[in-house]
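Participant: What follows is each chain in one-letter form.
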Amino acid sequence: MKSPLATLGVLTIAALSLAACASDPSESKSASGDLTVQATDSECTVSASKLDAGPATFKVTNKGSKVTEFYVYADGDRIMGEVENVGPGLSRNLVVDLPKGTYEGACKPGMIGDGIRQTLTVTGEAAKPLSDSEELTAAADSYARYVKSQSDALIVKTEEFVDAVKAGDVDEAKTLFPIARTYWERIEPVAEKFGDLDPITDGREPDAIAEGVDFTGWHRIEKQLWVENNTEGMDVYADQLLDNVKQIVQLGQDAPLTALELAQGSKGLLDEVATGKITGEEDEFSHTDLWDFKANIEGSQAAIASLRPVLEEKDPELVKQLDAQFKAVDEELNQHQDTTTGEWTFYDKLTKDEVKALSDAVAALSEPISQVAAVVASSA
Amino acid sequence: MSADDGAGRGLSRRRLLGAAGLGALAAGTAGAGAGYAMADTSPPPVVVDPDALPIRFEGVHQAGIVTPSQDRLYFVALDLTTEDRNSLIALLKQWTVAARQMTQGNDVGEMGAVGGSPYSPPEDTGEALGLPPSGLTITIGFGRGMFVDDKGKARFGLDGLLPDRLTDMPSFSGDRLDDALSGGDIAIQACANDPQVAVHAVRNLVRIAFGRASVRYSQMGFGRTSSTSSAQVTARNLFGFKDGTNNIKVEEKKAVDDFVWVHQEDGPAWLVGGSYLVTRKIDMRIETWDRESLTGQQAIMGRTKGSGGPMSGGDEFAAIDFDATNEDGEPAIDLKSHVRLAHPDFNNGAKLLRRGYNFVDGSNGLGQLSAGLFFISYQRDPAQFVQIQRSLAGLNNDLLNEYIVHVGSGLFACPPGVGPTGYWGEKLFA
Numbered sequence: 000m001k002s003p004l005a006t007l008g009v010l011t012i013a014a015l016s017l018a019a020c021a022s023d024p025s026e027s028k029s030a031s032g033d034l035t036v037q038a039t040d041s042e043c044t045v046s047a048s049k050l051d052a053g054p055a056t057f058k059v060t061n062k063g064s065k066v067t068e069f070y071v072y073a074d075g076d077r078i079m080g081e082v083e084n085v086g087p088g089l090s091r092n093l094v095v096d097l098p099k100g101t102y103e104g105a106c107k108p109g110m111i112g113d114g115i116r117q118t119l120t121v122t123g124e125a126a127k128p129l130s131d132s133e134e135l136t137a138a139a140d141s142y143a144r145y146v147k148s149q150s151d152a153l154i155v156k157t158e159e160f161v162d163a164v165k166a167g168d169v170d171e172a173k174t175l176f177p178i179a180r181t182y183w184e185r186i187e188p189v190a191e192k193f194g195d196l197d198p199i200t201d202g203r204e205p206d207a208i209a210e211g212v213d214f215t216g217w218h219r220i221e222k223q224l225w226v227e228n229n230t231e232g233m234d235v236y237a238d239q240l241l242d243n244v245k246q247i248v249q250l251g252q253d254a255p256l257t258a259l260e261l262a263q264g265s266k267g268l269l270d271e272v273a274t275g276k277i278t279g280e281e282d283e284f285s286h287t288d289l290w291d292f293k294a295n296i297e298g299s300q301a302a303i304a305s306l307r308p309v310l311e312e313k314d315p316e317l318v319k320q321l322d323a324q325f326k327a328v329d330e331e332l333n334q335h336q337d338t339t340t341g342e343w344t345f346y347d348k349l350t351k352d353e354v355k356a357l358s359d360a361v362a363a364l365s366e367p368i369s370q371v372a373a374v375v376a377s378s379a
Numbered sequence: 000m001s002a003d004d005g006a007g008r009g010l011s012r013r014r015l016l017g018a019a020g021l022g023a024l025a026a027g028t029a030g031a032g033a034g035y036a037m038a039d040t041s042p043p044p045v046v047v048d049p050d051a052l053p054i055r056f057e058g059v060h061q062a063g064i065v066t067p068s069q070d071r072l073y074f075v076a077l078d079l080t081t082e083d084r085n086s087l088i089a090l091l092k093q094w095t096v097a098a099r100q101m102t103q104g105n106d107v108g109e110m111g112a113v114g115g116s117p118y119s120p121p122e123d124t125g126e127a128l129g130l131p132p133s134g135l136t137i138t139i140g141f142g143r144g145m146f147v148d149d150k151g152k153a154r155f156g157l158d159g160l161l162p163d164r165l166t167d168m169p170s171f172s173g174d175r176l177d178d179a180l181s182g183g184d185i186a187i188q189a190c191a192n193d194p195q196v197a198v199h200a201v202r203n204l205v206r207i208a209f210g211r212a213s214v215r216y217s218q219m220g221f222g223r224t225s226s227t228s229s230a231q232v233t234a235r236n237l238f239g240f241k242d243g244t245n246n247i248k249v250e251e252k253k254a255v256d257d258f259v260w261v262h263q264e265d266g267p268a269w270l271v272g273g274s275y276l277v278t279r280k281i282d283m284r285i286e287t288w289d290r291e292s293l294t295g296q297q298a299i300m301g302r303t304k305g306s307g308g309p310m311s312g313g314d315e316f317a318a319i320d321f322d323a324t325n326e327d328g329e330p331a332i333d334l335k336s337h338v339r340l341a342h343p344d345f346n347n348g349a350k351l352l353r354r355g356y357n358f359v360d361g362s363n364g365l366g367q368l369s370a371g372l373f374f375i376s377y378q379r380d381p382a383q384f385v386q387i388q389r390s391l392a393g394l395n396n397d398l399l400n401e402y403i404v405h406v407g408s409g410l411f412a413c414p415p416g417v418g419p420t421g422y423w424g425e426k427l428f429a
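Chains A and B supply the protein sequences, listed in that same order.
Residues 0 to 379 (numbering that gives the first Met the number 0) are what the first sequence spells out, left to right.
Residues 0 to 429 (numbering that gives the first Met the number 0) are what the second sequence spells out, left to right.
Don't take each hint at face value.
[Said to hold, decoys possible] Below 20 Å or equal to it, Euclidean Cα-Cα: the simulated SDA-like pairs (lysine to any residue) are: (1) A:355 / B:218; (2) A:319 / B:84; (3) A:313 / B:115.
Rather than coming from a laboratory, the hints here were simulated on the basis of the structure.
Work out the full structure, taking the sequences as your base and the hints as a guide.
Facilitator: Set out below in structure tokens:
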């Protein structure tokens, strides 16, 4: 680093040396194996910007004051891998198998926004063009990685929530409720696959009454927290919730979604938004519906991102529409987030016009999303 | 998909019927002179319901204005959620293609309701499968909000194309307008003799528009309250009275020309051959009205309830004698009666082509019907409506105002008709 350009920062230098010094391996040595990621509240430094194709391990250390996440994105924000929920002072490892190509590493301090990004260039053995069925398998694998990362965080956050409930810490439980549910809502299509577990985990009171069964799960505890403002009698529901969440996660990992299920899931998540969140029905006691809303959209986007190579090849016009409409939903939604605290506006504080605008944006996205399954099926 | 390539195409939803159904319709349409191919083997003679036949989509004027009133209405007002000119043009083109298909009894799209990929949502929503065209007309109108935003700034590059007469409707005494039931950037009026066909039409057009336009409000109507042809009997509104006896009829060529269509000298050029559409959602206080005596009801209307003849005497179509007096020496037609105040003689000769429908939106939770009249009128100049409504509005005027309240209002400029390859409003974007 003797160049006078050193002040421009790691990223720029790496890019320059990549272009100019390809023949000088000492300057831009490709890293393989272990990399480190130093994350703070304002920076994200990956120890190398040029890697060899193959498995890479990122050791993510959070030196900031906010909980962070680290993602490796391919084109169109397709998630190649991610670690969620890295608390201040903690380190976590992420192993990602990266074929030749250009990627971005992104830290998300406070788990908000698009993240602080750094380009990663992977060279080496050119990946063979995949056959249709291989592409679909790759899509399913990519989504399975997403589910894995979300599941890990889901269990951790659910445990924290359950602990707070059992400790009778109402305020802490209320704070953790929408956060734990974020991970749940992102991967809801996985849960819905297991018909018996979904209703006892995420069912609503009127349905439980109608079915003549005990009202259990997230919303049972939600009601106690917000309506009664205490946690009395919740221990049994809290334990049961954690058991069920763990069971669903295990089942989900044993039987990952196929590419077609994935396409259907991306639509299912939007249907969830249109029927549950837009109406404020889902979190009727806490009004934390926008947390779930955002999580559903993110989950849908992750599913689409996994399918992106297939869609790019079969229907590039559809991909353009999806990108534009996801962006429109985000723009509409993000104005309701406090960018300092990461908290979302409570549903009962939204005006009718704001709800209508959100509903319009989701409807506009739902139309192209409903075309995805047929494209995937035509590829199978 | 361009507007030009969908003209004669589309899957006939009747094609999915058995041969008998197909034969019946083929015989009917051929008999009506539509020039449809006959089946190879002559079908047995079948009497076809004229209400089932298609109405021509193309024309100098849009269908659905002087078309003899169908029995059912589904009206929708939308707001444009896009600001992109090309996306508006594309929407109008796609809508026109779909409207052509549906008015002729075909499915929307190339593959229709059941022909597409099993993994795709069907292009057509399917609830009209097997139903005949049912006289469906789809009529579009453009609101002020399509041309300018709240601050008067032009939208979609439509600078200078806003008709001077497409203003905000003035407020009238007694109005209780709900913003959520008023206005809109675009209005679509679907009329048919089968409510399911009308609903199918609006639903599919709304679906096409997702991401570009969003529904502001919609209204179903039944029991056309105005006859627009002298071949039709006069229907009754929910107060039980014949409504539209004195309406402009399609057969009155001169009246239609003078009062309905926008002329060259009226401008703007893109609207010539079009018409202004006024809508008013009028809630009726049904239960109160029903407790009014027959004499009272007839005095309020100025007509008899049975035959619809004027209180000055004679049958429904007898000339109204506004100077006639009853045995007490009072005017036979009350000075504040609806028929008097709405009559052209008291409105500088102004006439409207009325095309309204009754509605019942269930009940209001207090045991009362949420019912009334979805008033629709077409006119060459909105001033015609304003003139008449000024005469009627307010508790000191039309006696009927004690029993009605205007809760919704809309004003739209309906472009002229389209040819075999054109699209709605094309002259705006030429």
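Participant: Looking back at the numbered hints, which does the structure fail to meet, lowest number first?
Facilitator: none
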